[in-house]
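Trainee: Below, each chain spelled out in residue letters.
Protein chains: 2
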Amino acid sequence: MPLEVKKLKVNYKTLEEFKRFKEYGLQELSMLEDLEANIIENDSDSPFYGIYFGNKLVARMSLYQVEARFDRYFSPPQDYLELWKLEVLPDYQGRGYGTALVDFAKSFGLPIKTNPRVKSNEFWEKQGFTSVHYDMQRDLGENPLVWESKQS
Amino acid sequence: MPLEVKKLKVNYKTLEEFKRFKEYGLQELSMLEDLEANIIENDSDSPFYGIYFGNKLVARMSLYQVEARFDRYFSPPQDYLELWKLEVLPDYQGRGYGTALVDFAKSFGLPIKTNPRVKSNEFWEKQGFTSVHYDMQRDLGENPLVWESKQS
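Sequences listed follow chains A and B, in order.
Read in order, the letters of the first sequence correspond to residues 13 to 164 in this note's numbering.
Read in order, the letters of the second sequence correspond to residues 13 to 164 in this note's numbering.
The hints are all genuine.
If several chains are the same, the list does not tell them apart, and a pair holds so long as it fits within one copy or across any two.
Computed cross-link-like contacts, DSBU-like style, restricted to lysine-lysine with a CA-CA straight-line distance of at most 30 Å:
#: 1; residue 1: K31; residue 2: K21
#: 2; residue 1: K19; residue 2: K138
#: 3; residue 1: K162; residue 2: K131
#: 4; residue 1: K162; residue 2: K138
#: 5; residue 1: K31; residue 2: K19
#: 6; residue 1: K162; residue 2: K18
#: 7; residue 1: K34; residue 2: K19
#: 8; residue 1: K162; residue 2: K19
#: 9; residue 1: K21; residue 2: K68
#: 10; residue 1: K131; residue 2: K34
#: 11; residue 1: K34; residue 2: K18
#: 12; residue 1: K118; residue 2: K25
#: 13; residue 1: K31; residue 2: K68
#: 14; residue 1: K19; residue 2: K68
#: 15; residue 1: K18; residue 2: K118
#: 16; residue 1: K131; residue 2: K19
#: 17; residue 1: K131; residue 2: K18
#: 18; residue 1: K31; residue 2: K138
No wet-lab data here; the hints were simulated from the structure.
Using the sequences provided together with the hints, build the complete structure.
Mentor: Right, here's the structure in full:
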């Protein structure tokens with residue numbers, strides 16, 4: 013069964029499902045406030061993509077396209093995707109959901125930068141991501157990993 | 013007994029002690045490589061500050077002064093401190109080590125920004141830190157908290 017990656021809509025159902033994920037934070041709270049205050053409409057597009065198992069959201073990630081003029085990771089500077097909050101619910105891990113999400117991100121044909129959680133390095137290596145050279149002024153508390161498509 | 017915060021030196025002993033902390037990552041690996049390659053000297057200054065219990069490093073944080081021209085958090089833009097990797101070893105938690113480190117950071121008289129680990133919000137609230145308004149383009153996967161000294 014191929015895994016279908018869906019762009020997630022901002023609505024109360026999605027935001028309720030987000031609470032199951034460990035990395036629930038300021039971003040989600042801000043989406044909820046904006047929805048409640050009618051600053052964004054129900055079912056607006058979100059930066060999140062996810063995979064459902066039946067009706068249940070079991071994996072998700074956030075993607076944002078950073079413009080070349082802000083690029084401090086690739087040479088020459090270029091548009092790239094920042095990927096964050098990649099997470100698969102515990103009961104659904106080891107079934108390829110994480111890989112399916114990363115493959116989806118790669119399908120845009122842009123280089124990708126992520127700042128993964130500590131101890132997920134093995135997963136990212138398998139996906140072809142490599143460490144940048146640490147630069148304190150740029151990276152501070154981050155451990156940036158990058159991926160560049162072979163074609164470029 | 014007052015807790016003494018020390019600026020940590022980059023040497024093999026410090027780097028070995030860092031391995032006990034959960035948030036060991038690219039920054040520490042890069043310091044080790046630079047030391048091994050003689051790019052930095054033994055006992056160079058590091059951005060880390062720590063507290064020892066006897067001879068054992070039991071708490072640490074990293075601090076870096078960001079220049080006003082790069083400030084995207086405070087108004088008007090000003091020099092501020094980025095604080096990261098604040099961590100107290102499990103057996104030493106609840107004894108004021110974390111607070112002592114944050115107080116030390118505050119003593120520089122600059123505003124502070126940090127991107128804390130999920131679920132440490134209660135600690136940071138007690139230290140007087142508040143959430144910024146989430147801005148996806150700036151914050152991406154971060155949950156930034158800031159502190160501004162009352163005097164300013």
